[in-house]
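A.B. asks: Protein chains in written order, with full-length UniProt numbering: chain A, 1 to 374; chain B, 1 to 485.
Please keep in mind that the hints were generated in silico from the structure rather than gathered at the bench. Quick reminder that beta carbons are idealized off the backbone N, C-alpha and C, glycines included. One or more hints might be untrue.
[As the list claims (entries may be wrong)] Interface residues of chain B toward chain A, partial, derived using beta-carbon atoms under 7 Å:
no., residue
1, Glu-82
2, Arg-85
3, Tyr-87
4, Leu-156
5, Gln-160
6, Ile-172
7, Ser-173
8, Ile-175
9, Lys-177
10, Trp-209
11, Ala-213
12, Leu-215
13, Arg-216
14, Ser-337
[As the list claims (entries may be wrong)] Short derived list, chain B residues pointing at chain A, Cβ under 8 Å:
no., residue
15, Leu-89
16, Gly-170
17, Glu-171
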Amino acid sequence: MGPARSLRRTNPITIIVGIALCIVILVFLLSPSGADAAASELRKANAASNPLSPPTSPFRKENEKSSNGKRIPPPVVHYYMNNVTTTNSPEANRETVLILTPLARFYQEYWDNLLSLTYPHELITLAFIIPKNRDGNAATAALQEQISKTQKTGPEKKRFASIIIERQDFEPPLASQSEAERHKMENQKARRAAMSKARNSLLFTTLGPSTSWVLWLDSDIIETPHSLIQDLASHDKPIIVPNCFQRYQDPKTKQDKERPYDFNSWQDSETARKLGEGMGNDDILLEGYADMATYRTLMAYLVEDNGDTTQEIPLDGVGGTALLVKAEVHRDGAMFPPFPFYHLIETEGFAKMAKRLGWSATGLPNYKVYHYNE
Amino acid sequence: MLPRHHGSSYSNGKKHDYEEKTYSISPHRSTPPAARKRRQLLIRLGGVLAVLLFGFFVWPGVSILSIFSFGFLSSGEDFQLETVRYYDLSNVQGTARGWEREERILLCAPLRDAESHLRMFFSHLHNFTYPHHLIDLAFLVSDSKDRTLPLLSELLEQLQADEDPKMPYGEISIIEKDFGQKVNQDVESRHGFAAQASRRKLMAQARNWLLSAALRPYHSWVYWRDVDVETAPFTILEDLMRHNKDVIVPNVWRPLPDWLGGEQPYDLNSWQESETALALADTLDEDAVIVEGYAEYATWRPHLAYLRDPYGDPDMEMDIDGVGGVSILAKAKVFRSGVHFPAFSFEKHAETEGFGKMAKRMQFSVVGLPHYTIWHLYEPSVDDIRHMEEMEQERQAREQEEKDRVERMKKIKDQFADPNNQWEKDKTDIQNEAMKEKKAKEDAEAGTEKPAAGPESSAKPETPVGALAEAKVEDVTTVKNKPAA
Numbered sequence: 001m002g003p004a005r006s007l008r009r010t011n012p013i014t015i016i017v018g019i020a021l022c023i024v025i026l027v028f029l030l031s032p033s034g035a036d037a038a039a040s041e042l043r044k045a046n047a048a049s050n051p052l053s054p055p056t057s058p059f060r061k062e063n064e065k066s067s068n069g070k071r072i073p074p075p076v077v078h079y080y081m082n083n084v085t086t087t088n089s090p091e092a093n094r095e096t097v098l099i100l101t102p103l104a105r106f107y108q109e110y111w112d113n114l115l116s117l118t119y120p121h122e123l124i125t126l127a128f129i130i131p132k133n134r135d136g137n138a139a140t141a142a143l144q145e146q147i148s149k150t151q152k153t154g155p156e157k158k159r160f161a162s163i164i165i166e167r168q169d170f171e172p173p174l175a176s177q178s179e180a181e182r183h184k185m186e187n188q189k190a191r192r193a194a195m196s197k198a199r200n201s202l203l204f205t206t207l208g209p210s211t212s213w214v215l216w217l218d219s220d221i222i223e224t225p226h227s228l229i230q231d232l233a234s235h236d237k238p239i240i241v242p243n244c245f246q247r248y249q250d251p252k253t254k255q256d257k258e259r260p261y262d263f264n265s266w267q268d269s270e271t272a273r274k275l276g277e278g279m280g281n282d283d284i285l286l287e288g289y290a291d292m293a294t295y296r297t298l299m300a301y302l303v304e305d306n307g308d309t310t311q312e313i314p315l316d317g318v319g320g321t322a323l324l325v326k327a328e329v330h331r332d333g334a335m336f337p338p339f340p341f342y343h344l345i346e347t348e349g350f351a352k353m354a355k356r357l358g359w360s361a362t363g364l365p366n367y368k369v370y371h372y373n374e
Numbered sequence: 001m002l003p004r005h006h007g008s009s010y011s012n013g014k015k016h017d018y019e020e021k022t023y024s025i026s027p028h029r030s031t032p033p034a035a036r037k038r039r040q041l042l043i044r045l046g047g048v049l050a051v052l053l054f055g056f057f058v059w060p061g062v063s064i065l066s067i068f069s070f071g072f073l074s075s076g077e078d079f080q081l082e083t084v085r086y087y088d089l090s091n092v093q094g095t096a097r098g099w100e101r102e103e104r105i106l107l108c109a110p111l112r113d114a115e116s117h118l119r120m121f122f123s124h125l126h127n128f129t130y131p132h133h134l135i136d137l138a139f140l141v142s143d144s145k146d147r148t149l150p151l152l153s154e155l156l157e158q159l160q161a162d163e164d165p166k167m168p169y170g171e172i173s174i175i176e177k178d179f180g181q182k183v184n185q186d187v188e189s190r191h192g193f194a195a196q197a198s199r200r201k202l203m204a205q206a207r208n209w210l211l212s213a214a215l216r217p218y219h220s221w222v223y224w225r226d227v228d229v230e231t232a233p234f235t236i237l238e239d240l241m242r243h244n245k246d247v248i249v250p251n252v253w254r255p256l257p258d259w260l261g262g263e264q265p266y267d268l269n270s271w272q273e274s275e276t277a278l279a280l281a282d283t284l285d286e287d288a289v290i291v292e293g294y295a296e297y298a299t300w301r302p303h304l305a306y307l308r309d310p311y312g313d314p315d316m317e318m319d320i321d322g323v324g325g326v327s328i329l330a331k332a333k334v335f336r337s338g339v340h341f342p343a344f345s346f347e348k349h350a351e352t353e354g355f356g357k358m359a360k361r362m363q364f365s366v367v368g369l370p371h372y373t374i375w376h377l378y379e380p381s382v383d384d385i386r387h388m389e390e391m392e393q394e395r396q397a398r399e400q401e402e403k404d405r406v407e408r409m410k411k412i413k414d415q416f417a418d419p420n421n422q423w424e425k426d427k428t429d430i431q432n433e434a435m436k437e438k439k440a441k442e443d444a445e446a447g448t449e450k451p452a453a454g455p456e457s458s459a460k461p462e463t464p465v466g467a468l469a470e471a472k473v474e475d476v477t478t479v480k481n482k483p484a485a
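Kindly produce the complete structure, drawing on both the sequences and the hints.
C.D. replies: Now the structure itself:
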């Protein structure tokens with residue numbers, strides 16, 4: 001009874017202060033969950049009512065059949081593609097990003113890097129295409145395990161809007177995926193043609209009507225800056241490529257070092273053009289092989305120690321290890337040619353086709369992402 | 001227990017029973033205990049209300065429940081959302097009897113100012129025999145100034161709400177996207193030579209946007225269909241599918257008015273490549289686009305349209321290189337591997353012809369059916385309209401002439417009919433006169449012998465007019481001449 005009576009006697013100002021304090025505490029308690037609530041509202045708002053829907057949206061599982069067992073026809077859905085924007089501040093404009101990965105092997109580091117991206121995960125859709133062979137099955141199993149960890153039991157903030165797994169409908173031309181075998185020159189054309197088909201299949205079945213940006217990220221990219229999407233998008237370029245490096249340990253000095261990895265981002269040269277003119281229709285120009293000297297300017301070698309990470313250079317060919325593309329470039333038809341297109345194939349051919357459609361490519365020589373070292 | 005009020009700071013001399021009193025804004029005013037309690041209750045309620053209201057303004061989207069549960073329950077609904085999809089693309093390759101394997105078709109139709117054709121198109125949709133729930137519809141409406149969009153939504157809503165469970169289709173997407181179309185859509189500017197290249201590139205762009213937004217990993221086939229097809233077999237999807245080709249098109253003709261020959265090949269974009277055309281392509285600029293059906297580019301290619309035999313085998317196939325876009329059935333894997341409608345000059349071709357070329361480049365089979373025909377709507381061209389106006393004028397002139405002639409004949413007849421009657425009258429009168437004269441003479445000669453002959457002679461000229469015309473004319477003329485002589 002004592003404490004109750006003391007309360008009765010307190011000054012009204014004290015009471016008002018008390019209420020204000022309570023409100024402040026409530027605000028403090030609820031504000032983080034308020035932001036989460038907004039994100040989860042967005043997830044719910046983007047959800048489709050039928051499984052027949054763009055794969056970039058989650059969907060509600062029921063509804064396939066009504067209570068009397070009759071099929072409920074899917075609704076008529078309007079998509080306003082005039083409102084799909086691609087700006088230099090995608091986060092503020094709630095622009096959706098589709099991360100596309102042709103998956104040959106699953107690396108835990110790759111997945112951890114994805115999870116640590118700071119771009120709001122409710123705006124990110126992941127899509128994978130995996131070959132139907134033994135390696136592919138293993139990769140699928142590993143991937144699915146991680147997915148269920150993240151999407152079902154993980155913190156809501158880390159969950160992605162939607163995830164699509166596709167199994168490829170053709171066999172990869174090479175049985176072995178080892179680095180040495182993969183890079184043999186005579187194997188390159190068939191390998192990259194198959195790779196192009198895989199990329200195109202993944203792209204054109206998942207793009208949907210609401211994607212703003214497409215980020216191509218190879219499954220062996222294990223380290224990127226966490227703000228990769230924001231950083232690349234802030235340049236507001238139709239096609240933009242960071243420089244792909246590989247960390248290694250110098251066998252002699254036992255020191256950690258890094259070396260350029262992707263040689264497909266380049267500026268064209270007169271020599272390469274002449275080489276191309278002398279070639280047959282079905283021959284391709286390749287980069288990084290001693291018996292085909294093209295004298296192109298390779299972005300891999302333009303890196304400066306402690307250089308400006310925002311420095312831009314124009315490119316004629318791009319690599320696909322990490323590559324941010326405005327969705328409208330792909331929608332206009334720019335794809336990865338599985339055939340020699342101006343003697344170029346896959347990502348390099350893509351840059352050329354985009355150019356034919358009026359879109360140019362840009363490189364960031366000092367902005368690095370890192371490739372797995374086998 | 002000691003009363004706490006002794007230690008209270010309110011010691012202004014006025015004695016109050018603090019024990020009876022709880023919180024009050026003005027503790028020194030003496031009020032009856034019951035009224036005080038009521039007021040306190042009100043104030044407390046007001047306080048709670050204020051907190052709640054404040055909460056609503058700060059977190060407008062959050063339900064009361066989530067405030068009280070501190071957000072722990074708010075994510076409950078998310079567990080019902082499916083976020084992971086798994087597809088095996090080897091299950092959606094497309095086979096000859098897709099309807100038995102429940103293979104899904106994506107039907108794509110690009111639309112621009114197509115209001116007038118929509119009802120006709122929906123009658124085709126109603127009639128398709130391929131299971132409707134296996135067909136997903138995707139429309140791209142761009143730069144339309146008429147009521148295409150509202151009418152399309154209305155018709156689709158009706159279609160999905162149809163009583164007949166076999167009628168509604170699968171996923172339905174209406175995509176709105178404007179490309180800032182500058183080229184006019186009327187027949188003349190659509191088919192003028194100069195505008196072709198840029199027009200075809202814009203068309204290609206629209207098709208690519210539509211396909212890339214609507215193609216899903218569960219599609220086995222993609223069917224492109226123009227809305228201005230007037231007549232097509234209901235079984236067209238199965239008919240084309242049975243051939244099990246990567247890309248297949250029927251022959252497209254159009255009906256014509258009789259004066260233009262009754263019918264005509266319409267789609268000239270389905271053709272086989274020729275040496276002449278390849279040589280021509282080599283001479284052209286990188287961005288040039290070869291278009292068929294124009295004198296500027298004589299390609300001498302065999303066209304699917306011209307090979308039609310109305311009594312030929314409808315299953316006969318012909319390998320082609322360029323493809324027309326009126327009605328294309330293609331396996332989805334063709335589009336998945338990257339074949340699209342080039343919006344740039346690809347091997348000197350754009351849009352559907354470039355699509356055919358690119359499919360061939362990737363070793364897909366591209367086939368046309370010369371004797372399987374669908375009919376495009378006949379829209380008269382400006383020339384046709386001019387010609388039809390001329391014909392109409394001619395026809396009117398002819399009619400007028402005919403009318404004038406009839407009128408003239410009637411007039412002439414009228415003019416001649418009157419004198420004829422007059423003639424007859426005159427004739428009889430004159431004859432009567434003549435008779436009378438004759439009689440008078442006879443009377444005068446015979447005196448008063450035959451007075452009864454009068455009525456007999458007066459009836460006589462009336463009866464023999466027709467039979468004795470010849471003789472009488474002679475009579476009359478002689479009679480007529482008499483007075484003059």
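A.B. asks: Against this structure, judge whether each hint is valid.
C.D. replies: Against the structure, the hints:
1. Glu-82: 5 Å, holds
2. Arg-85: Hint on Arg-85 (chain B): holds, closest Cβ of chain A at ~5 Å, below 7 Å.
3. Tyr-87: 5 Å, holds
4. Leu-156: Holds - the Cβ of Leu-156 (chain B) comes within 7 Å of chain A, reaching about 5 Å at its closest.
5. Gln-160: 4 Å, holds
6. Ile-172: 5 Å, holds
7. Ser-173: Hint holds; Ser-173 (chain B) Cβ to chain A Cβ min 6 Å, cut 7 Å.
8. Ile-175: 5 Å, holds
9. Lys-177: With Cβ-Cβ at 4 Å, under 7 Å, it holds.
10. Trp-209: Holds, because the Cβ-Cβ distance from Trp-209 (chain B) to chain A comes to roughly 5 Å (cut-off 7 Å).
11. Ala-213: 4 Å, holds
12. Leu-215: 5 Å, holds
13. Arg-216: 6 Å, holds
14. Ser-337: 5 Å, holds
15. Leu-89: 4 Å, holds
16. Gly-170: 6 Å, holds
17. Glu-171: With Cβ-Cβ at 4 Å, under 8 Å, it holds.
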